[in-house]
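Enquirer: Each chain, letter by letter, is given below.
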Amino acid sequence: MNINVKHIAKLANLPLRDGEEEKFERQLSEVLSYVNRLDKLNTDNVPETSQSTGLENVTREDKTEKSLTQDEALSNALKTHNGMFIVPGILQD
Amino acid sequence: MIHTLSLSDARDGLNSKDFSSVDLAKACFEQIKSHDDKLNAILTLSEKEALHQAEEADKRIANGEESPLLGIPIALKDLFLTKGIRTTAGSNVLENYIAQYDGTAVQRLKEAGAVILGKTNLDAWAHGSSGENSDFGPTKNPYNLEHIPGGSSSGSSVSVTTDMAFAASGTDTGGSIRLPASFCNVVGLKPTYGRVSRYGVIAMSSSLDSIGHFTKTVRDNAMYLQVTAGRDPKDSTTPNKDVPDYQKKLGKGVKGLKIGVPKEYFIEGLDPNIRIQIEDALKFYEKQGAEIIDVSLPHTEYAIEVYYIVQTAEVSSNLARYDGIRYGYERSHFGDEAKRRIMLGTYVLSAGYYDAYYKKAMKVRTLLIKDFQEVFKTIDVLITPASPSMPWKLGERTDDPLKMYLSDIFTVHANLVGVPGLSVPAGFKGGLPIGMQILGPHFSEDLLYQVAQAYEMEHPWWKKKPDLGNST
Amino acid sequence: MNKYTPVIGLEVHVELKTASKMFCGCSANYFGKKPNAHTCPVCLGLPGALPVANKQAINWCIMIALALNCEINTFSKFDRKNYFYPDLPKGYQISQYDLPFGHDGWIDLSKPVILASDKGARPESKKDPGQARMAKKRIRIRRVHMEEDTGKLTHMSHPELVSGSSSNEMLNQVQHDNKKKVSLIDYNRSGVPLVEIVTEPDFDSATDVVEYLQKLRQIVRYLGVSNADMEKGDMRLEPNISLSKMSLRGDEVDETISQERSPRFARDDNNLPNYKVEVKNINSFRFVEKAINFELKRQEKLLDDGKTPPQETRGWNEKKQETVSQRIKEEANDYRYFPEPDLPPITHTNEQISTLSSAMPELPDKIFSRFLRKFSLNEYDVEILTRDQEAAEYFEQAVKLGEDKNISPKQIANHIINKKPDLSATSPSDVISQIAKASQTEDISEDELTQIITKVLKENEKAVQDYKNGKETVIMFLVGQVMRQIGKKIDAQKVRSLIITNIK
Chain A
0 MNINVKHIAK LANLPLRDGE EEKFERQLSE VLSYVNRLDK LNTDNVPETS QSTGLENVTR
60 EDKTEKSLTQ DEALSNALKT HNGMFIVPGI LQD
Chain B
0 MIHTLSLSDA RDGLNSKDFS SVDLAKACFE QIKSHDDKLN AILTLSEKEA LHQAEEADKR
60 IANGEESPLL GIPIALKDLF LTKGIRTTAG SNVLENYIAQ YDGTAVQRLK EAGAVILGKT
120 NLDAWAHGSS GENSDFGPTK NPYNLEHIPG GSSSGSSVSV TTDMAFAASG TDTGGSIRLP
180 ASFCNVVGLK PTYGRVSRYG VIAMSSSLDS IGHFTKTVRD NAMYLQVTAG RDPKDSTTPN
240 KDVPDYQKKL GKGVKGLKIG VPKEYFIEGL DPNIRIQIED ALKFYEKQGA EIIDVSLPHT
300 EYAIEVYYIV QTAEVSSNLA RYDGIRYGYE RSHFGDEAKR RIMLGTYVLS AGYYDAYYKK
360 AMKVRTLLIK DFQEVFKTID VLITPASPSM PWKLGERTDD PLKMYLSDIF TVHANLVGVP
420 GLSVPAGFKG GLPIGMQILG PHFSEDLLYQ VAQAYEMEHP WWKKKPDLGN ST
Chain C
0 MNKYTPVIGL EVHVELKTAS KMFCGCSANY FGKKPNAHTC PVCLGLPGAL PVANKQAINW
60 CIMIALALNC EINTFSKFDR KNYFYPDLPK GYQISQYDLP FGHDGWIDLS KPVILASDKG
120 ARPESKKDPG QARMAKKRIR IRRVHMEEDT GKLTHMSHPE LVSGSSSNEM LNQVQHDNKK
180 KVSLIDYNRS GVPLVEIVTE PDFDSATDVV EYLQKLRQIV RYLGVSNADM EKGDMRLEPN
240 ISLSKMSLRG DEVDETISQE RSPRFARDDN NLPNYKVEVK NINSFRFVEK AINFELKRQE
300 KLLDDGKTPP QETRGWNEKK QETVSQRIKE EANDYRYFPE PDLPPITHTN EQISTLSSAM
360 PELPDKIFSR FLRKFSLNEY DVEILTRDQE AAEYFEQAVK LGEDKNISPK QIANHIINKK
420 PDLSATSPSD VISQIAKASQ TEDISEDELT QIITKVLKEN EKAVQDYKNG KETVIMFLVG
480 QVMRQIGKKI DAQKVRSLII TNIK
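First to last, the protein sequences are chains A, B and C.
With numbering that gives the first Met the number 0, the residue at position 89 of the first sequence is 88, and numbering never jumps.
With numbering that gives the first Met the number 0, the residue at position 92 of the second sequence is 91, and numbering never jumps.
With numbering that gives the first Met the number 0, the residue at position 96 of the third sequence is 95, and numbering never jumps.
In short, the hints are calculated from the structure, not lab data.
A couple of the hints might just be wrong.
[Stated by the list, open to error] The calculated lysine-lysine pairs, modelled on DSS-like cross-linking and capped at a C-alpha distance of 27 Å, are: (1) C:289 - C:2; (2) A:22 - B:392; (3) A:78 - C:32; (4) C:231 - A:62.
[What the hints assert, rightly or not] Some but not every residue of chain C turned toward chain B, in silico, with C-beta under 7 Å: (5) 44; (6) 46; (7) 47; (8) 49; (9) 51; (10) 79; (11) 80; (12) 89; (13) 91; (14) 305; (15) 308; (16) 340; (17) 341; (18) 342; (19) 344.
[Stated by the list, open to error] Here are the in silico distance ranges between beta carbons for each label pair: (20) C:369 - A:41: 54 to 64 Å; (21) A:6 - B:401: 16 to 26 Å; (22) C:12 - A:47: 22 to 32 Å; (23) C:289 - B:95: 44 to 54 Å; (24) A:6 - B:64: 27 to 37 Å; (25) C:274 - A:47: 30 to 40 Å; (26) B:462 - C:332: 50 to 60 Å; (27) B:267 - A:36: 10 to 20 Å.
Where a beta carbon is used, it is the ideal one built from N, C-alpha and C, also for glycine.
Build out the structure end to end from the sequences listed, making use of the hints.
Expert: Written out as structure tokens, the structure is:
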């Protein structure tokens, strides 16, 4: 079971250090082989379940509620400027 | 020694003015300071806030108020956001994150007058079954410091066993309350999915996370659930279901109840010592008038596969917000286990693999749900071991992620289906605790308490405290 | 540009003007507000936060879908669209994937298209023009779905703010090229409800696109669900543009396809060009046509040189007035959609959809045809009178009041269109009074009138002869002459009939 760790790490925005790729590839392949056992089960005509509550139509009224203050919103950021969060240069769209 | 009381006895003592909430809080802090450096159950203490809360509680008590958690010191697993107090998820990524709001469960606990002592240690991001994945050091099993306490709610479980707190909150996504409860000789409840609000609890796997807690006794557990249970408009997955009086069925015994024993849980790999304790318990129940019936949950063997696909997929998405921009450090600070799960989850959702893995898992999940639906047509509750093995030694499984994942085989099924599960102390072997798991239909927590307490009354294992040596 | 046919599909995002955001209670009115002051754990993507869906937004999305003649999915759900970008706080956007609220709709443009009278006829074959029928050009709507908006990035140069490097691959990649640039993020806009409307690639000109946008804007304004102001960002456009080497315009339609679903043109969906270019950042209505035409020309040049334009995303640069390739190469993004576990599905009964439909105000197209039929006005007039909802309502009120005073809808239309009274300052009844006054006529004795008419007819023998020979329009000239001689304002109809009588 070959997993392209480099590609997956990139998709997942996870920086990997040198040498980590091999280790993870080994470990993940092992787990994947195990979960592949599901192939044995016939699930034709079985519907999918993504939620166990059976709930539907849970919504809220269009009313405003109190927001965080600007200070609270920014309180854990490493870098801010003029009330905004900073990210190093992103190219303009 | 007031910190060694049960929660309910402490409540009685507060009512009778035998001692104050401040007294209780101080005793707990004393206990923490004496023993936690050996155990590493606590990550953050909020002493100033706690004493203030205790003082407020004492005022309310003086006014004649008698609510179930009023004045009771508790601890919170460090996944629960507490406003103004550091919340780390056990990870370096959030090492210095100060929460900007209280989650709903925390708000309800505060409003009920509980005193929050601090935040407990855990496997980082709730990824783990042993308590060894914390970025801030492993937590130890108080009954034998060389053994694991179970995870991921390791610190919460230990804090209750060692009387550092009267109760502690936890989360259970694949067994993270029931497993450590069974390894630490405490009562651990995984409520029905959606029974307790997830708002303000750091998400691991959104369709599986269940917000529960640890206590010393069954009654204590019911008192705590009374406060946290109920619909929350901030959590769309909490149904509008009534919250019953969770203590009402206590003392009713098990006469006439049908207890199912699923054969898939009594496999060869089950530790014989655990098997003996569970079988003893079943004999006890039979003597008390319950009918013990052999049943089958035929798809049990596939539960772990489904779990590790669904859970990691949701984890990979839920952990995407940690990019270091608005809070925390950026993604290179994730530990190995978090990275593994994020990558696995990304893979099973990725183009070309979604159908074979995630979609397939969702289908098998339907089959697992049907297993339980079938069984509960004729059975009231199921009884099983919580773990196939005794608490293992530190370091024994850390090199083998797959082996670690297989520790969850008796617990994950309930999370996939959403049903509640209660782990109750059921004995010891070699000085280490054994736990019994009771599973019921959705929203049957009061029935679980009824069944558990019938056993607990005649088998007060919870009174066998760990020997922590002399206080420093 | 006859050797190529443009093939254009549109993705339009409409921002709903709800009071609160899509999944939380923060105010959705973010424009011009103090940055990051309208956020909460949910729209800021804080740990532990959970979404709760805005019912009003969902209703409005369905109304837009109904207005675009869509089928409504009575079982619908939200899905997570996973990707990393700093303006996306959760690292995923809550959107809809396989069960959008609306799908398979259409909207007709005013451009006529000839329907072939027999299947398979080619345009160059000489067809009897009498056999051809006219229909309106139809744009198929693929889907209408609900999603949440992202935060807003602004970019600036500020070397002091960039310190150290990040081990975050994505950010490093661009920092390498932009050592002195930083981006600032305001999350006030994060979580505002957006409706995404996607068409099939049925457009073949920039003018069609402009008309479509105008119609869409008119519809959502009539519905009262959005201000749809491109300059303010509450309507955003992303065209997908390519050129087909088909030289045939293919204006025929296979009539065996059911009328309601026929695309009104014969382009085979299986014969689409093998590339498409997405153009972003068209932020103003006035540049839509320019940007699209620039891109078409750019592609034409490449095709002429025998090259296939690369499939990519380009940005419209307003200053340079050209599209520019976006250097952050978007690898075909794997969004890893899966059903949103935090939000239960949304279901509707057919009755509920009917109720929503009845609650909708009368839409521009319907009002247009109704005015045409009922008031005997021409299309040009009706277009002006129904440009927005307030104007249409005003006109109808005026017509009602005018009935008592014998003032025709046509008179009212003329007055409003030509005299352009300030409708916000003048009530419909005031306008009616204005018209009544202007058409007030003085009295004149029939004898006096007959005298003048006789005189005019004598002075204009040729005109009279023309009239007798069948040139009926001459009558207006004669009426005019009589009116001038009288010098007073009198009833022109009366004059006209008297002249006719006298001629005979």
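Enquirer: The structure should be examined with respect to each hint, and the outcome stated for every one.
Expert: Cross-check of the supplied hints:
Straight-line distance between C-alpha atoms of residue 289 of chain C and residue 2 of chain C comes to about 20 Å, which keeps the hinted pair within the 27 Å bound. The suggested pairing of residue 22 of chain A with residue 392 of chain B holds, with an alpha-carbon distance near 24 Å, which does not exceed 27 Å. This hinted pair checks out: residue 78 of chain A and residue 32 of chain C have alpha carbons roughly 21 Å apart, not beyond 27 Å. Distance check on the hinted pair: residue 231 of chain C and residue 62 of chain A sit about 23 Å apart at the alpha-carbon level, within 27 Å; holds.
Using the Cβ-Cβ criterion of 7 Å, the hint placing residue 44 of chain C at the interface with chain B is satisfied: the shortest such distance is roughly 5 Å. Hint status for residue 46 of chain C: holds, given a least beta-carbon distance of 5 Å to chain B, under 7 Å. The interface hint given for residue 47 of chain C is met, as the beta carbon of that residue sits about 5 Å from the closest beta carbon of chain B, less than 7 Å. A cut of 7 Å between beta carbons decides the hint on residue 49 of chain C: the least distance to chain B is about 5 Å, and the hint holds.
With a least beta-carbon distance of about 5 Å to chain B, the hint placing residue 51 of chain C at the interface is held under the 7 Å criterion. Annotation: interface hint on residue 79 of chain C holds; nearest CB of chain B at approximately 6 Å, less than 7 Å. Nearest Cβ of chain B to the Cβ of residue 80 of chain C: about 10 Å, over the 7 Å cut. The hint is violated. Interface restraint check: residue 89 of chain C against chain B, minimum CB-CB distance 5 Å, threshold 7 Å, status holds.
A hinted interface residue such as residue 91 of chain C counts as satisfied when its beta carbon comes closer than 7 Å to some beta carbon of chain B; here the least separation is about 5 Å, so the hint holds. Hint on residue 305 of chain C is violated. Least Cβ distance to chain B is approximately 33 Å, over the 7 Å limit. Interface restraint check: residue 308 of chain C against chain B, minimum CB-CB distance 25 Å, threshold 7 Å, status violated. At its closest, the beta carbon of residue 340 of chain C sits 4 Å from a beta carbon of chain B; the interface hint therefore holds under the 7 Å criterion.
Look at residue 341 of chain C: its Cβ gets to within about 5 Å of chain B, closer than 7 Å, so that hint holds up. A cut of 7 Å between beta carbons decides the hint on residue 342 of chain C: the least distance to chain B is about 5 Å, and the hint holds. Interface hint at residue 344 of chain C: violated, since its Cβ lies 11 Å from the closest Cβ of chain B, which is beyond the 7 Å cut-off. Checked against the hint of 54 to 64 Å, the C-beta distance between residue 369 of chain C and residue 41 of chain A comes to roughly 58 Å, which is consistent with it.
With their beta carbons about 22 Å apart, residue 6 of chain A and residue 401 of chain B fall inside the hinted range of 16 to 26 Å. Here the CB-CB span from residue 12 of chain C to residue 47 of chain A is close to 30 Å, well matched to the stated 22 to 32 Å. In this structure, residue 289 of chain C and residue 95 of chain B meet the distance hint of 44 to 54 Å, their C-beta atoms being roughly 50 Å apart. For residue 6 of chain A paired with residue 64 of chain B, a C-beta distance near 59 Å fails the hint of 27 to 37 Å.
At roughly 35 Å, the beta-carbon separation of residue 274 of chain C and residue 47 of chain A lies within the given 30 to 40 Å, and the hint holds. Taking the beta carbon of each, residue 462 of chain B and residue 332 of chain C are about 59 Å apart, inside 50 to 60 Å as hinted. The given range of 10 to 20 Å is respected by residue 267 of chain B and residue 36 of chain A, whose C-beta atoms sit roughly 18 Å from each other.
The structure shown violates the earlier hints numbered 11, 14, 15, 19 and 24.
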